[in-house]
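Between the sequences and the hints, there should be enough to build the whole structure, so can you do that?
Read top to bottom, the protein sequences are chains A and B.
Residue 187 in our numbering is what sits at position 187 of the first sequence, and the numbering runs on without skipping anything.
Residue 133 in our numbering is what sits at position 133 of the second sequence, and the numbering runs on without skipping anything.
Don't read these hints as lab results, they were simulated from the structure.
Beta carbons: idealized from backbone N, C-alpha and C, even for Gly.
Wrong hints could be hidden among the right ones.
[Stated by the list, open to error] Each pair of labels, with its calculated beta carbon distance range:
1. K357/A with R252/B: 36 to 42 Å
2. P94/B with Q31/A: 28 to 34 Å
3. R250/A with D334/B: 53 to 59 Å
4. D162/B with L95/A: 41 to 47 Å
5. Q31/A with R347/B: 37 to 43 Å
6. Q408/B with L95/A: 50 to 56 Å
[Said to hold, decoys possible] Computed cross-link-like contacts, DSS-like style, restricted to lysine-lysine with a CA-CA straight-line distance of at most 25 Å:
7. K454/A with K389/A
8. K389/B with K454/B
9. K348/B with K285/A
10. K357/A with K314/B
11. K389/B with K111/B
12. K140/B with K78/B
13. K285/B with K348/A
14. K314/A with K357/B
15. K111/A with K20/A
16. K136/B with K78/B
17. K20/B with K111/B
18. K136/A with K454/A
There are 2 protein chains.
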Amino acid sequence: MDPIARYLEDHRDQFLEDLKAALRIPSVSTQPEHREDVRRCAEHLAAHLRGLDMTRVEVMPTVGHPVVYAEWTGAPGKPTVLLYGHYDVQPPDPLDLWQTPPFEPTLRDGKLFARGAVDDKGQVYAHLAAIEAHMKVDRKLPVNLKLMIEGEEEIGSHHLGDFIREHRSMLDADVIVVSDTGMPGPDQPALTYALRGLLYAQIEVTGPARDLHSGHFGGAVTNPANALCGIIAGLRDGDGRITVPGFYERVRPITPELREMFRAAPFDEAAFMRESGAPAPFGEKGFSTLERTTARPTLDVNGMWSGYIGQGEKTVLPSFAAAKVSMRLVPDQDPDELAPRFEAYVRKLAPAGVTVKVAGLRGCPPFITDPDHPMLEAARRALARVWPKPAAMIREGGSIPVMTTFQQTHGLPSILMGFGLDDDQVHAPNEKISLTSFYGGMRSAACLYEELAKV
Amino acid sequence: MDPIARYLEDHRDQFLEDLKAALRIPSVSTQPEHREDVRRCAEHLAAHLRGLDMTRVEVMPTVGHPVVYAEWTGAPGKPTVLLYGHYDVQPPDPLDLWQTPPFEPTLRDGKLFARGAVDDKGQVYAHLAAIEAHMKVDRKLPVNLKLMIEGEEEIGSHHLGDFIREHRSMLDADVIVVSDTGMPGPDQPALTYALRGLLYAQIEVTGPARDLHSGHFGGAVTNPANALCGIIAGLRDGDGRITVPGFYERVRPITPELREMFRAAPFDEAAFMRESGAPAPFGEKGFSTLERTTARPTLDVNGMWSGYIGQGEKTVLPSFAAAKVSMRLVPDQDPDELAPRFEAYVRKLAPAGVTVKVAGLRGCPPFITDPDHPMLEAARRALARVWPKPAAMIREGGSIPVMTTFQQTHGLPSILMGFGLDDDQVHAPNEKISLTSFYGGMRSAACLYEELAKV
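Written out as structure tokens, the structure is:
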């Protein structure tokens, strides 16, 4: 066993304690009452990094929560790796569904339960362990390393774009590494080479000036709730295809090669559906579940409301109805191009007798990186040294907005090497990280730095 | 001027004070904190009736709020009139929109503003004034009179059906009189001979077992909110016709005579639309606004909710979506026949991947009485003695459930002689009764008793 791997194995208990200490800080970025906790978590992380002999460590302010930045640039001539992660977490609600308190990390059956265990503190601390092993064993890293660990990922990374643009040269690198994604199974590593984008909107329909008596006025005026339902129903056809004109224009077709890749992917559909709790899979005709969730766009209502929503009956004809709607986009769809088309089509679907407003239109482009880039080849070699199976090249259905920002500002290859499992309860009660992922993640990170040094 | 009319005119101030005293009691039937106020209002009304020398006055309990019952049976050989009204009121919310407090009756510009001013305390007290005038001037009434003034009209009269069936013989009568409807204009009296019925339901759609991440699962499972929108959109066609199979089977066609009646009716569509505040009238093709709101059935969403309805964005794929939906029915539609058809059709419209439940299905049949019955002729004669224009025979779009109960238990002709005006803000802030309606209503009631005595 090489000395780095030995160091990681010999210090497992200490690494677990390091992670637990970070998990005890409730760095909930969306809740103002945790503002100080978020700050404390940033300082805690910076202190840990200083202990690793980084050449520079700073807690850097933004308009919102701070960014923890660190670098070690002692490998001239070697590639520079920019590592991105986040130290903020989702709110733990609903609290009563947690088996043990969300901010008291607890080990059960080889899994560490806590809010942020896998998303993303556990994955960040796997890298910190890898850094420590290299520094303690070799007194240096195989590559130059920059870390940018932010505190607003769970609230949309709204200030990170400006931060990246303002510190463009500080963040110069040859490759970006992110560990905030998943792997198909506990012994099946993966590299994510595509993420979906997003187009979010709120459709607001106004009819009468105030709530009316449905007996007196029913039949004479357009009901905004009925109108909203008609609009939303009209956004897709019976086969689940989105009907916004030109919506599929830039969608990359699923080639026979890609289809074969999806078919061969280590994806357990039965387990996925069990996890969803839905009675049956359902979606756009002509595509598999894995294709639908990663390589095809979707349109989902995220929330809607109108009129009387209390107990019992109220015969009101509501004045107002609204829905939050989001579309997941795939390469090469462009949210800036689709936003006005979506808005125009919603207006076209609206019946007479109501006014329709499309508010809060906001987009994030889809992300795709070249799976055959030498940097990704290096990542595959690294994973092959640690795991029993070769890395799967996968797409994920969610979005990481910062990836697009990096592509726009830096134009770099990106390695999304993640260790989350499907049953990790991300954003839900009883979030956990499996120790196989935590320890396997450390070794993978340590090997990754070595393999990237060879590119 | 006849002595009855003179008495009514000479005691206007006292009658106004009597009404104000009743309006000061916040008899809000739906709010538990007003339970004692509702009881107090019943006792107050009973005390007033005792002062009018009724032969029997009782505050009679029900499972819910009590019924005030009174009778005067000193006219053997004359018809018996059963007068129905209600002393409970709607909640006054939103309070901040009232120009003067809802339970401090205030006179402005010949209108008395207070919650319950026209719905229905003002109309009940118009009858009480008419009774007083007859009793003081003649020491008797022209007819036998029974009063049943209930305290649960604003919450659906749920216990009144049982009350009526249990006191079937006590309530025996030759004609029913109700003053809880409207008139087309301040000098245009009306008799309402038809009301719409109701079929109310809550559609509940469940998809995934819990809220899911729309990135991870979007595209793979049916979104219950999208599904609900599809169901609701599918309940009507593009022309506004309801598509539930057999829905129109028993709808009485609008005959050329009826259409002419609608055309000639004193209905100010421009004022009606202004009152609604909707940008334009809209409804079932081939019918006028008046026809659509009174002689044609409707289907309206009264409320709906799903997923995240707070500020900002949340990319959730909701587990649950629901809508409250009500249909207004017209003669001779039967809610008991339509309820299972509606439920079956909703299930048929549901896509795969969700379970649909139709909860709380409850109906109230439409009401129609013979406009040419001698009792209604008598009512027209009474109104002709008071108002400058002959009475319009109108239909109203709302429902009064008790009318159907009466028709089922008693099978009597019914006189709906109401004095509400379109701008009375019923169920809304700044409810009022115009003094022209209050004083005209008293004289109309006094004349009605006299004319009914002649039938």
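Now for the hints, and whether the structure bears them out:
1. K357/A with R252/B: 36 to 42 Å: For K357/A and R252/B the Cβ distance comes to about 40 Å; the hint holds.
2. P94/B with Q31/A: 28 to 34 Å: holds (30 Å)
3. R250/A with D334/B: 53 to 59 Å: holds (54 Å)
4. D162/B with L95/A: 41 to 47 Å: Distance hint for D162/B, L95/A holds at roughly 45 Å.
5. Q31/A with R347/B: 37 to 43 Å: Between Q31/A and R347/B, where Cβ atoms are some 42 Å apart, the hint holds.
6. Q408/B with L95/A: 50 to 56 Å: Between Q408/B and L95/A, where Cβ atoms are some 53 Å apart, the hint holds.
7. K454/A with K389/A: Cα-Cα ~22 Å, so holds.
8. K389/B with K454/B: Holds, at roughly 22 Å.
9. K348/B with K285/A: The given pair, whose Cα atoms are some 20 Å apart, holds under the 25 Å limit.
10. K357/A with K314/B: holds (19 Å)
11. K389/B with K111/B: holds (22 Å)
12. K140/B with K78/B: Given that 25 Å is the threshold and the Cα spacing comes to 12 Å, the pair holds.
13. K285/B with K348/A: holds (20 Å)
14. K314/A with K357/B: holds (19 Å)
15. K111/A with K20/A: holds (12 Å)
16. K136/B with K78/B: This hinted pair holds, its Cα atoms lying about 20 Å apart.
17. K20/B with K111/B: This hinted pair holds, its Cα atoms lying about 12 Å apart.
18. K136/A with K454/A: Distance ~21 Å between K136/A and K454/A Cα, so the pair holds.
Hint compliance for this structure: no hint is broken.
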